[in-house]
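If you're matching them up, the sequences are chains G and S in order. Residue numbers -14 to 99, in the working numbering, belong to the letters of the first sequence in order. Residue numbers 2 to 113, in the working numbering, belong to the letters of the second sequence in order.
The hints are simulated quantities; they were obtained by calculation from the structure and are not laboratory data. Some hints could be false.
[Said to hold, decoys possible] Simulated coverage check for chain G against chain S, where a stretch passes if three residues somewhere in it have a Cβ under 8 Å from a Cβ of chain S:
id	region
1	16 to 28
2	85 to 98
[Claimed, not checked] As a list, the in silico BS3-like pairs of lysine-lysine whose alpha-carbon atoms are at most 27 Å apart:
id	chain 1	residue 1	chain 2	residue 2
3	G	K42	S	K3
4	S	K3	S	K43
5	G	K(-4)	S	K3
No experiment lies behind these values; they were computed from the predicted model shown. Note that CB positions come from ideal geometry on N, CA and C, so glycine has one too.
Listed here are the chains, written in short residue letters.
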Amino acid sequence: GAGVSQSPSNKVTEKGKDVELRCDPISGHTALYWYRQSLGQGLEFLIYFQGNSAPDKSGLPSDRFSAERTGGSVSTLTIQRTQQEDSAVYLCASSLEVGIYEQYFGPGTRLTVT
Amino acid sequence: QKEVEQNSGPLSVPEGAIASLNCTYSDRGSQSFFWYRQYSGKSPELIMFIYSNGDKEDGRFTAQLNKASQYVSLLIRDSQPSDSATYLCAVTLSGGYNKLIFGAGTRLAVHP
């Protein structure tokens, strides 16, 4: 089956604009994660969704960041009033279910804020 | 102290040699350990995971876990130039959370 897909692959936006990034997990995977990788930095956890449970938002860097997951599948990460420090590759991953920890990553969205 | 530590490298090995990549972690309760390979400009690719003390082999890759020493390693046998990439160590924290904590990665260069 298909892997994790993300769109767009690249996004250039002006400072202050809002952006939406989309993730479609592997079919049948109930857990979905967002991470961020800044230039020269490691991967940073942002948010985790598991089924219908409340998401773990502990990694979101500010209240400008939000995410939702509709219907237990596709997820959208929204960044409001983008800042230059938001420039990074945003990676989505999914895993089969709770207790199955192997996460598989999508290709990422490279966000550039000018 | 960082939660997951790796030597940034580069680790340079000749083709055909064994590459040894090391990782230490701070959370004594961590239960799950992963190695991802990341080529430049690409996303991380899961290559090994290990949950129990000891060795786990898959083809040319062997993961080794020592929970008492809070140490996990990846051995790559018969290294190939195509193995040249950054290798990321990741662990899950105790408490049952699934989120991964990543090290900064070790850059491996395999030269012909």
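Status of the hints after comparison with the structure:
Interface restraint, the region 16 to 28 of chain G with chain S: holds (6 residues with C-beta to C-beta distance below 8 Å; minimum three). For the region 85 to 98 of chain G, the proposed coverage by chain S is satisfied: 8 residues have a C-beta within less than 8 Å of a C-beta in that chain, meeting the threshold of three. Taking the CA atoms of K42 of chain G and K3 of chain S, the gap is near 21 Å; set against the 27 Å cutoff, the hint holds. For the given pair, K3 of chain S sits about 25 Å from K43 of chain S by alpha-carbon distance, which is consistent with the 27 Å threshold.
Restraint check for K(-4) of chain G and K3 of chain S: the C-alpha separation of about 31 Å exceeds 27 Å, so the hint is violated.
Consistency with the previously given hints fails for number 5 only.
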